[in-house]
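Asker: Single-letter residue listing:
Number of protein chains: 2
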Amino acid sequence: MTIWQLPSMLLVVISSVSPHPHHLFEYDELSQYVDSHQEEYVQTLRDWVAVESDSSDVLRRPDCHRMMDMTAEKLQAMGGKVELVDIGVQELPDGKTVALPKVVTAQFGSDPNKQTVCVYGHVDVQPAKLEDGWATEPYNLTDINGHLYGRGASDNKAPVLAWIHTVEAYQPSFVITIFFPLLLSTPCPLPMQDLPETGSNGLDAMIVAQKDTFFSDVDYIIISDCGWLSRRPALTYGTRGNCYFFAEVEGPKQDLHSGVYGGTVIEPMTDLIGILDTLISPSGKILIPGIREAVAPLSDEEWKMYQDIEFDIESFKSKIGVSQLMYSNKVDLLAHRWRYPTVTIHGIEGAFSGPGSKTVIPAKVIAKFSIRQVPNMDPAVVKKQVTDYLYSVFAKRKSPNKLKVTMIIGAKPWLADTKHPLYEAGKAAVKRVFDVEPDLIREGGTIPIAKTFEDVTGKSIIMMPIGGFDDGLHSQNEKMSRYNYIEGTKLFIAYLHEVAHLKKD
Amino acid sequence: MTIWQLPSMLLVVISSVSPHPHHLFEYDELSQYVDSHQEEYVQTLRDWVAVESDSSDVLRRPDCHRMMDMTAEKLQAMGGKVELVDIGVQELPDGKTVALPKVVTAQFGSDPNKQTVCVYGHVDVQPAKLEDGWATEPYNLTDINGHLYGRGASDNKAPVLAWIHTVEAYQPSFVITIFFPLLLSTPCPLPMQDLPETGSNGLDAMIVAQKDTFFSDVDYIIISDCGWLSRRPALTYGTRGNCYFFAEVEGPKQDLHSGVYGGTVIEPMTDLIGILDTLISPSGKILIPGIREAVAPLSDEEWKMYQDIEFDIESFKSKIGVSQLMYSNKVDLLAHRWRYPTVTIHGIEGAFSGPGSKTVIPAKVIAKFSIRQVPNMDPAVVKKQVTDYLYSVFAKRKSPNKLKVTMIIGAKPWLADTKHPLYEAGKAAVKRVFDVEPDLIREGGTIPIAKTFEDVTGKSIIMMPIGGFDDGLHSQNEKMSRYNYIEGTKLFIAYLHEVAHLKKD
Numbered sequence: 001m002t003i004w005q006l007p008s009m010l011l012v013v014i015s016s017v018s019p020h021p022h023h024l025f026e027y028d029e030l031s032q033y034v035d036s037h038q039e040e041y042v043q044t045l046r047d048w049v050a051v052e053s054d055s056s057d058v059l060r061r062p063d064c065h066r067m068m069d070m071t072a073e074k075l076q077a078m079g080g081k082v083e084l085v086d087i088g089v090q091e092l093p094d095g096k097t098v099a100l101p102k103v104v105t106a107q108f109g110s111d112p113n114k115q116t117v118c119v120y121g122h123v124d125v126q127p128a129k130l131e132d133g134w135a136t137e138p139y140n141l142t143d144i145n146g147h148l149y150g151r152g153a154s155d156n157k158a159p160v161l162a163w164i165h166t167v168e169a170y171q172p173s174f175v176i177t178i179f180f181p182l183l184l185s186t187p188c189p190l191p192m193q194d195l196p197e198t199g200s201n202g203l204d205a206m207i208v209a210q211k212d213t214f215f216s217d218v219d220y221i222i223i224s225d226c227g228w229l230s231r232r233p234a235l236t237y238g239t240r241g242n243c244y245f246f247a248e249v250e251g252p253k254q255d256l257h258s259g260v261y262g263g264t265v266i267e268p269m270t271d272l273i274g275i276l277d278t279l280i281s282p283s284g285k286i287l288i289p290g291i292r293e294a295v296a297p298l299s300d301e302e303w304k305m306y307q308d309i310e311f312d313i314e315s316f317k318s319k320i321g322v323s324q325l326m327y328s329n330k331v332d333l334l335a336h337r338w339r340y341p342t343v344t345i346h347g348i349e350g351a352f353s354g355p356g357s358k359t360v361i362p363a364k365v366i367a368k369f370s371i372r373q374v375p376n377m378d379p380a381v382v383k384k385q386v387t388d389y390l391y392s393v394f395a396k397r398k399s400p401n402k403l404k405v406t407m408i409i410g411a412k413p414w415l416a417d418t419k420h421p422l423y424e425a426g427k428a429a430v431k432r433v434f435d436v437e438p439d440l441i442r443e444g445g446t447i448p449i450a451k452t453f454e455d456v457t458g459k460s461i462i463m464m465p466i467g468g469f470d471d472g473l474h475s476q477n478e479k480m481s482r483y484n485y486i487e488g489t490k491l492f493i494a495y496l497h498e499v500a501h502l503k504k505d
Numbered sequence: 001m002t003i004w005q006l007p008s009m010l011l012v013v014i015s016s017v018s019p020h021p022h023h024l025f026e027y028d029e030l031s032q033y034v035d036s037h038q039e040e041y042v043q044t045l046r047d048w049v050a051v052e053s054d055s056s057d058v059l060r061r062p063d064c065h066r067m068m069d070m071t072a073e074k075l076q077a078m079g080g081k082v083e084l085v086d087i088g089v090q091e092l093p094d095g096k097t098v099a100l101p102k103v104v105t106a107q108f109g110s111d112p113n114k115q116t117v118c119v120y121g122h123v124d125v126q127p128a129k130l131e132d133g134w135a136t137e138p139y140n141l142t143d144i145n146g147h148l149y150g151r152g153a154s155d156n157k158a159p160v161l162a163w164i165h166t167v168e169a170y171q172p173s174f175v176i177t178i179f180f181p182l183l184l185s186t187p188c189p190l191p192m193q194d195l196p197e198t199g200s201n202g203l204d205a206m207i208v209a210q211k212d213t214f215f216s217d218v219d220y221i222i223i224s225d226c227g228w229l230s231r232r233p234a235l236t237y238g239t240r241g242n243c244y245f246f247a248e249v250e251g252p253k254q255d256l257h258s259g260v261y262g263g264t265v266i267e268p269m270t271d272l273i274g275i276l277d278t279l280i281s282p283s284g285k286i287l288i289p290g291i292r293e294a295v296a297p298l299s300d301e302e303w304k305m306y307q308d309i310e311f312d313i314e315s316f317k318s319k320i321g322v323s324q325l326m327y328s329n330k331v332d333l334l335a336h337r338w339r340y341p342t343v344t345i346h347g348i349e350g351a352f353s354g355p356g357s358k359t360v361i362p363a364k365v366i367a368k369f370s371i372r373q374v375p376n377m378d379p380a381v382v383k384k385q386v387t388d389y390l391y392s393v394f395a396k397r398k399s400p401n402k403l404k405v406t407m408i409i410g411a412k413p414w415l416a417d418t419k420h421p422l423y424e425a426g427k428a429a430v431k432r433v434f435d436v437e438p439d440l441i442r443e444g445g446t447i448p449i450a451k452t453f454e455d456v457t458g459k460s461i462i463m464m465p466i467g468g469f470d471d472g473l474h475s476q477n478e479k480m481s482r483y484n485y486i487e488g489t490k491l492f493i494a495y496l497h498e499v500a501h502l503k504k505d
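In the order they appear, the protein sequences are chains A and B.
First residue of the first sequence: 1, per the UniProt record's numbering; consecutive thereafter.
First residue of the second sequence: 1, per the UniProt record's numbering; consecutive thereafter.
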């Protein structure tokens, strides 16, 4: 299986909910409205999943354009002020360019005196083929025991639709008046392989450009492009950043035959393996000086939060198919997944990577590895720590080959304050819909647009997932449970009500 | 640049030269005959190079068949008893099969009382494209200052033609009567990537099958599928063998996202890098216990032989483009190239190997590495040494991942006695044509068919190269010098005369 990095997120900025007294908010009525429309919601999701909007495949670009058009039409039909914003072109390896899918923005109402939220999401998907190991046709949404299987169902089409249904549910004008400025944007439509988690793509530029126009009234940003950790609903308050490195060792001017030249040259691959082996200990300890020292210490309060999280280690192990994890207790495991840095060696470019055998001495090899960033690490400092360390390790080998270390991505982590009113509102909404306290969780991956929004708009962000823990994002047999889709829509309805009652700054 | 393993060699079994008194052998007359035909020889080479008989490319298979047909026709026109021997099919990765090019055998005369030699060579070639960095069209033989540039010119079409010219030169019946049983065979037409140096292919089976028929009268085997070390002519008396290993580390049941899972699993790539780093020291010392101990000690006599070889370290360095070699003196360098084992790590399958970046934790990674074999190493013992060592190193890591080490090729080295009459005859022929003593050299690469011939027929083998040291085999801008081609033909003529006078066993 190939994993693509999440190219992005779908962002929806939402709201301008008139603050009406709580007792006039008829949640039950809205909830029944959602229940009575659920077949229609599933059908819309089926229509959307049927569009193979795989942004990693340039040949599917017309499907991506069609997906954005469908999204825009739907929002327009609902009375939104919709725009398709051009964010430029994508350069292909052969030097040709292809248009990036336009960003869809939609605004429902406008009133600077009311709370205005922006919801972000995406409607492009990861690649999927039946022969990859899907039990059903990936682009034909299939309901099996209440699970809706299809590529993009959970990542991120159903959450986007849940927000759209929320707008629709409020529109028939129940007990409260609503105005939603709604933004649907397609994110960076490129897979990690081409344009990684830097977030430095057309979308970033668009956010900066529209800072004082489209985004001017936005008070909060909501991202629903993640998932729960277990069957318990969750609010996500942090993501790790990522520093991605290339370490290139160059020797002879061309590849050499290992029979003819083996024994005469210091092989670049031997050097590269040697320095890579100094990054991590067998037990996963990062050996680069300074990295571990920069990590914010785990507070007692935080420890307690981890302790309270619902998480079953055994089912996690069986899900990924390993007999033993890096840590055997919940707190250590979750902490190292979310709030400690990790080093992963992804692979080596330039060496022989095909099946079978080949007797080559590769002349130039480039290792790809990355270090997930957490508070209080600083990518600029990490860059120096890693390069200084590798150069010094390499120097000890006294190799005539040339080492070049470069950091090609330096994405910062994002961390929210779980005591912020946005999160308090989230807890209240979860409590109303699911009658439980949400897990407060983090995401081990990187969602660079969160940081971009925060930095550009200066506004607070909440990540509010509705996807299940076992939805199989980026994997075969992705699904969205009907339960999560429908109850998730109700959660968004309840959440907007709570947000509307926050004190306006 | 991609290097393909020499798929093979062309083998020519030659001779039944009537032993006539030396003084009746008019070398000068034959030499003039060759000189006067050199334009014709170059034209034939041009015709042969024009056939893109790239055996690594299945789409070029018709060209390979045509090349064998052309070869057969030429030998038939010369009066040889020619056969095209079917050696079966090649299985492609998709399960389909494609016919292997037939082996051409040719016999010129037959007389068990006379010396009969078998010459082996090949007429398939490595891949070549103008855009790889060729200065001329690779399949259009181009004469620049006496160098004939073209794919396959040196490897191995000109040497094969030189043997054919040798037969032709003798045929007009000069002072000696000749009978040549001549065999032209295409070797394993598969690149290393598919069917490596095991030699276990259709050709091996054919040699075994025809042991008591075609090969029954053969006294000696001559291979001219190698090159000189410098401008001085050379005889080759040894090749290294090769043990090729796969080391597979398997962890999770599928690739994982490094953000989402990094920090929770012991990554197979970290384990693999860790064990690979224990194979070789930074200075190239093999760390696997027992390997170095098995190597035959360098005798004083051998040391002296190396000392006498003409070899310029500086031009070798500039040829491969490195500032420093593994050893700075000639004897150490040549000895480690030819008569000491080396470990090369070729690459890793299953990890990310493309350009750009990808945030994957590969679930299963397979390192490919090989150890060149020299006397007195035994592939079966090496297999045990390597696997025992890697399993013990891996066990110390206490990883939950699974390691599997397999040896997929175990080709033995080949070593001839330079005091053998075949070599004495070679020295005399070189002396006659070039008026110098030949360098006695080895080949760092592996020519498994040499060992097959030796093992199956029990006959002695000599490797007699005529290609230049800078012919660029397997590389861009391959060439054969006109000088080497023409004087090489004369060398073969002189050599057959010498062989004819060896004492018949």
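Worth flagging that the hints you see were computed from the coordinates, not collected in a lab.
Where hints are given, some of them may not hold.
[Claimed, not checked] Below, computed lysine to any residue pairings styled on SDA-like, alpha-carbon distance capped at 20 angstroms: (1) B:Lys427 / B:Glu131; (2) B:Lys253 / A:Pro400; (3) B:Lys427 / B:Lys504; (4) A:Lys317 / A:Tyr327; (5) A:Lys402 / B:Gly321; (6) A:Lys129 / B:Asp94; (7) A:Lys96 / A:Leu130; (8) A:Lys253 / B:Gln324; (9) B:Lys402 / A:Ser283; (10) B:Lys211 / B:Gly472; (11) A:Lys253 / B:Asp94; (12) B:Lys74 / B:Asp94; (13) A:Lys253 / B:Thr452; (14) A:Lys253 / B:Gly472; (15) B:Lys317 / A:Asp312; (16) A:Lys396 / B:Ser281; (17) B:Lys285 / A:Pro400; (18) A:Lys396 / B:Gly472; (19) A:Lys404 / B:Gly354; (20) B:Lys253 / A:Phe469; (21) B:Lys253 / A:Leu130.
Asker: CA of A:Lys396 to CA of B:Gly472, is that 20 angstroms or under?
Answerer: violated, 34 angstroms
Asker: Does the alpha-carbon distance linking B:Lys253 and A:Phe469 stay inside the 20 angstroms limit?
Answerer: holds, 18 angstroms
Asker: If you draw a straight line from the CA of A:Lys253 to the CA of B:Asp94, is it 20 angstroms or shorter?
Answerer: violated, 35 angstroms
Asker: Given the hinted pair B:Lys402 and A:Ser283, is their alpha-carbon gap at most 20 angstroms?
Answerer: holds, 15 angstroms
Asker: Please work out if A:Lys402 and B:Gly321 have their alpha carbons no farther apart than 20 angstroms.
Answerer: holds, 12 angstroms
Asker: Are the Cα atoms of A:Lys253 and B:Gln324 separated by 20 angstroms or less?
Answerer: holds, 13 angstroms
Asker: Regarding the pair A:Lys404 and B:Gly354, is the alpha-carbon distance no greater than 20 angstroms?
Answerer: Within the cut-off at roughly 18 angstroms; holds.
Asker: Are A:Lys96 and A:Leu130 close enough, with their CA atoms no more than 20 angstroms apart?
Answerer: This hinted pair is violated, its Cα atoms lying about 30 angstroms apart.
Asker: Against the 20 angstroms threshold, does the CA-CA distance of A:Lys317 and A:Tyr327 hold or violate the hint?
Answerer: With a Cα-Cα distance of about 11 angstroms, the restraint between A:Lys317 and A:Tyr327 holds, given a limit of 20 angstroms.
Asker: Hint check: B:Lys427 vs B:Lys504, CA-CA at most 20 angstroms. Holds or violated?
Answerer: holds, 19 angstroms
Asker: Starting from B:Lys317, check that the Cα of A:Asp312 is at most 20 angstroms away, please.
Answerer: The given pair, whose Cα atoms are some 59 angstroms apart, is violated under the 20 angstroms limit.
Asker: Are the Cα positions of A:Lys129 and B:Asp94 separated by 20 angstroms at most?
Answerer: holds, 18 angstroms
The earlier numbered hints that this structure contradicts are 1, 2, 7, 10, 11, 12, 13, 15 and 18.
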